[in-house]
Amino acid sequence: MDVSLNWLKEYAPFDCDIKTFAEDMTMSGSKVEVYSTEKDKIRNVVVGKVVSLDKHPNADKLTVCGIDIGSEEIVIVTGAKNLTVGDLVPVALDNSLLPCGKEIHAGELRGVMSNGMLCSLGELGLTTHDFPNAIEDGIMVLDEEWPLGTPIEKALGMEDYMVEFEITPNRPDCLSVLGLAREASATFSVPFNEPKPQMPQGEDDINNYLSVKISDTDHCMRYAAAMIKNVRVKPSPRWLRERLRVCGVRPINNIVDITNYVMLLYGHPMHAFDHKYVKGNLIDVRLAKTGEEIMTLDGVQRKLNENMLVISDSEEPIAIAGVMGGEYSGVYEDTNMVVFESACFDGPKVRYASRQLGLRTEASGKFEKGLNPDNCWPALAKAMELVVELDAGDVIGGVIDVYPSPRSERKVPLNADKINEILGTEIAKSDMEKTLVSLGFKVEDDTVIVPTHRYDIAKDAVTQYNDLAEEIARMYGYNKLPSTIMKGTATARLTERQKFTKDVIGYLLGLGFYEIETFSFYSPKNFDLLNVPADSSLRNPVVISNPLGEDTSVMRTTAVASMMNVVQRNYNSRIEAVSLFENATEYHVVEGEELPKEVEKFIMAVYGQNKDFFFLKGAVEKILWALNIEDVKFVRNRQNTTYHSGRCADVVVNGAVVATIGELHPVVLNNYGIKTKVCVCDLNGEELFKYVGGARQYKQLARFPAVTRDLAFVCDKAVANGDIIDIIRESCGEYLESVKLFDVYTGDRLEAGKKSLAYSLVLRDKNATLTDAVAEQCTGAILDNLRKIGVFLRT
Amino acid sequence: MKQQLENIRLSSLEQIEKAATPAEIDEIRVRVLGKKGEVTAILKQMGKLSAEERPVMGALANEVRETVENALAEKLVKIKAELMEKQLVEEEIDITLPGNEFEMGKRHPIQLVLDELKEIFLGMGFSIAAGPEVELDKYNFEMLNMPKSHPSRDTQDTFYITENIVLRTQTSPVQVRTMLDQKPPIRIIAPGRVYRADEVDATHSPLFHQIEGLVIDENITMADLKGTLEAFVKNMFGPETKVRFRPHHFAYTEPSAEMDMTCFKCGGKGCRLCKGEGWIEILGSGIVNPVVLESCGIDSTKYSGFAFGMGLERLTMMRYDIDDMRLMYENDMRFLSQF
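The listed protein sequences derive, respectively, from chains A and B. Sequential numbering from 8 applies to the first sequence in our numbering. Sequential numbering from 70 applies to the second sequence in our numbering.
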C-alpha cells in the first residue's frame, strides 16, 4: 500500500521527520517497507522565465535563450521550438540532477556557452497525465505563476513522500489513507480528523433511472448507488492529480480520478459506468447462471460459473462483482449519465472468481480481504462531493442504498486482568481504555465496543482478550513489555530414534562421507535413468497437482535418484573422487492410506580410486558394528535392475533386508554420462533401527595364549568366501576367535576355473592353554567339511 | 709405587678425557680398574711394602680408583648426552612437509546450523518433534485458524497433492499433531522441510527448512516469549546481540510479533547485509491463538502458550556469508568441503 505522507497528515497532524515516522509506525504495527520522495532525485532545477529568444549564430536548429532565474539572467541553448518570451520554464542549472538520473553541466554548444538545460516533462519524470496542459515533446511551460528561482520540486509538487506500508491480511481497514491516518493518530497521540462527507442535494430522482436488487444477500452485503448527468469529463485539478501520483496511481480524468481517490481514501473500490448500457434500468447482484459469459473491460471473453457473483442488468452480467466490469462499463465520449457504484461483496466469493478466472485487479485484491460495508455510504458521499467540487457533472437527487443486514458492533468486556495475564504486564485499566479509544474503539461501562472497521477483533469469543491484548501491547510498545524466564522446569533429550539418526550420521562423517541435501521432489524421468522396471511400485509416486514444472512434479520414491544427480554434477565438475551421503526421506504411496509413508533413508554413493563395492561394504560393516547389530548377512541380489547384476547385495539382518548395496548397472552409468564405476548403498533407517543392539558388554581380556593357523584352499571360482567362512566357524565352534581372508589368487599356477583363498585363523580356549591336539582337531574338521563342497587344501 | 699410582691416575684421566664412545670408556674401565687391570696389578705388590707404608698406599690406591671411577661415570654421561644430541640433529625433519591426507566427512552447512539450534533448545528443555511433509490441509491450515478461503493462504503458495492434501508450507502441523497427542506442559521444537511454490533463485527455493517452537503451559505470557527468544538469540549469536519485537500478524498467534536482531556483521551500525538498518529480521512469533488451542482439544481458559518459527536457510546463509541459496542444494564438493 503506497500512501502520500502529506495526505496522511491531512487527517492526523503528526509532526516528525520521515525516518521517525517510518520507525514509529513500524513499531506500532504498520510496517513501513520503504519511503521515497521525488525531490531526492532532483538538484539545482528552478523556475526561470524566458526573457529573450535569439537564433544561434552557428546552428539553424538551435535557439539561444535568455533566462531570468531571479538572482541573475543566464544563457541557455535549446533545440526546442515551443517557447515564447515570458514563459515560465523548469531550468536545470549547472551541476544539476534530473529524476531520470541525468546530470547537467554548463558547456559550449556550437560556440555558445550554455549554462544549463531547459527541461521537458519526461526529463522531470512526469507525463501529460500529471500535467495535462503541458506538451510531451518540447519544453514544459508552467501554467502557474511562481517566483523566479523557486526550486522546481516545490513548484511542481514533488516534495511529498511516498510511504509503502506492508499491510497484513487481518487489517483490510489499513488498505486506505484513513485507516493508516487513524493508526498514525494513535501512534503519535494526535487527533484523528475523520472527514464527514455529506451527500449533495440534487435535482431529479435516481429512482426514475435505476433500481437495485440484491438476489444473493449472502455474498453482497450492500449495494449503494448514486448518479450524475451531463457528465463533464476533463482533467482533474492539480491537487488531486498530485495525491494520486504520489500514491502511484496515474491520473486519467476527473471521473476515473474521483473513484481512484475515494478508493485510496477509504480503501473501498468504487465503480463508475455509463447508465446507457444498463438494460432495463436494473441492477441485480446475483450468482452467474450456467453457461453465461462476459466480455470484460480488458477485452477477454470469460466463461462464468454458478459460484461467481456478478452484477447483472435485466438481461446479462455487466460486471464480475468486485473483480472487473464488462466491456461497456466505462465512461465514454458520448456518456451523459454515470452510475457510481459503492458496494460490498463477500471476500471469499471475490477471491474465488478472481482465482478461477486468473484475473487479479486492484479491486479484487481489496475485496478479497473482506471490506467494511459501513464504508459504502461515506465513500459514495465523498465521491459526490468531489463531483460537485470538480464540476464533473450534475448530481441527480437521491441515493439507492440496499443494505439488508447492517454489520453490528461487537462488544467485549474490558477485562484488564485477563489482558495483563496474556502480556505478563501490569498496565492500568485506564491506560488500556485510552489506547483503545485512540484506535477508534468506544469504552462504555467497562465494555469495549469494537468499531465495524475492526472486524478482525473478537471474531471468536475465545480470542477476544488476545485481540485486545495485541492492540494494547502494540501501542504500549512491544519492546517495553517485560522479558521473563518461563516458570517450571522441563527436561528434554533426544528420543532413541533421533539418537540413532545422529549416531549413524556421526559414523558416516567418521568414515569420510560428505553430507548432501537434495530436493524431495523431482521429475519422473529419474525412474528411467535408474533403469527402474515399468511395473515397479517406485513408479507410483505421490504426484503434485500444481508443480512449478516437471522437476517438481513427483515426490521421490527413491532418494538414490537425488543422490545420482549430485554424483553426476560432481563428476561433470571433474571431481576425482567422492564419498557422499544423504539422510533422506522417501515418500511411498500406501494402498488405502490417505497420506504416504515417509521413510528415513541413508543413501551413500562413492566413486574414485579404491572406492569400489568393498569400500562401501566395509563402511556399512563398520556402521553395523558400531550400532551393535549382529547376525548380518550380505546376500546376492541379481534382481535389482539399477545395479550390476553380479555386483549387488542385500544387507540382511535377522532375515530382514535393511539395505541394498551395489555397483550401478553400466546402463545406468551410461544414462548419467558417467564413465567411472559408482557404488551406492541404499540403507533403510527405519528397518535398521529395529535391530540396533544395546550397550556392548565388555569381554574379559584373554588370559591364555592363542594358536594361529594359516590355511590356503583351492576351489572352483563360483564358491563364495562367505560359505567357506560359515563352514570354518561351524567346524571350530567356540575355539575360533577369528577368521580372516588374507589372500585371493587366480592365475597360471592353478587349473583354469579355479581360485585359491587363504585364511588366517586364531584359535583360543578361554579357560586353558589350547593344546595342539585341539588345534589339529579343528583344522581336521574344517578340511573334512570343506571337502564336501569341493574346497581342498592347497598343496 | 706411589709414583706408579700417580701415573695411572694421570694417564687414565687423560685417556678418559680423550674417549669419545661408551665402548672406549668401557675399555678404559676394564684396563685400569678391572680384575686384571693396572690398579689391581699394583695392589698385588702391596705385600712387599712395610707395615707403615701399606695403609698409606692402600688409601692412595683407593683414592686413585675412586677418582678414575668418577671420571669414567662423568664422562659416560657426557658422551651419552652428546650422542643423543647428535642423533636428534641427524633425525631432524622438515616440519613444513604436508601432513597425511585423512578423509574426514563434512556435515552440510544447513545441518551444522540445525545442530546448533537443536543443542540450544534441548538445553532450554525443548524436545524435538517431527511430522509428515505430505500433510493434510486440515493440519497445515484449517486447524491453525486458516480456513480454505483465508487470505493468509495467499502469502504461502501451496503445492497441492489433492484438494485436502498439501506439501506442508510450514512445520506448524507438527505443532497441531503434538497438541492433539500430548497434554500440556508442552515444550517442543519442530525442524523440517517445508514447501512453497517459489521458483528457484538466489534467495528463494521451492523447498526449504524451518524450525518452529511451541510452548504450552499454565500462565505462559508474552513476556515469557520475549525472555525465551532473547535467551536463544544470545546463545546463538553472542551475549552482546540485541533484539527487538515488531507487531505482525499470523493467523495462529495473537498477539503476533516479528523479531529482529542487531546485525551480527555490523553490530547494528548498518551495513550492506542489513540494508543499512542495523537490524535483521530473524523470526516470527506470538501467543498461540486460543482458537488453535481449542481446536486441538486444549482448554484455553487453563492453558496458554507461545510459538515461533524461523527459516534455516537464511540463518545458514547469514552465518557462513553464503550469497546464493542454490549452492546449498547443488552439493558441489568444492562448496561442501568448505565447512
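Hints were generated in silico from the structure; no laboratory data involved. A hint or two may mislead.
[To be verified] Cross-link-like lysine-lysine pairs, in silico, DSBU-like; alpha carbons within 35 angstroms at most:
#, chain 1, residue 1, chain 2, residue 2
1, A, 425, B, 175
2, A, 604, B, 149
3, B, 207, A, 436
4, B, 207, A, 310
5, A, 38, A, 441
6, B, 187, A, 506
7, B, 217, A, 618
8, A, 509, A, 706
Against the structure, the hints:
1. A/425 - B/175: violated, 51 angstroms
2. A/604 - B/149: violated, 74 angstroms
3. B/207 - A/436: Measuring from Cα to Cα gives roughly 39 angstroms; hence the hint is violated.
4. B/207 - A/310: Cα-Cα ~31 angstroms, so holds.
5. A/38 - A/441: It holds: about 23 angstroms lies between the C-alpha atoms, which stays within 35 angstroms.
6. B/187 - A/506: holds, 12 angstroms
7. B/217 - A/618: Distance ~52 angstroms between residue 217 of chain B and residue 618 of chain A Cα, so the pair is violated.
8. A/509 - A/706: With a Cα-Cα distance of about 27 angstroms, the restraint between residue 509 of chain A and residue 706 of chain A holds, given a limit of 35 angstroms.
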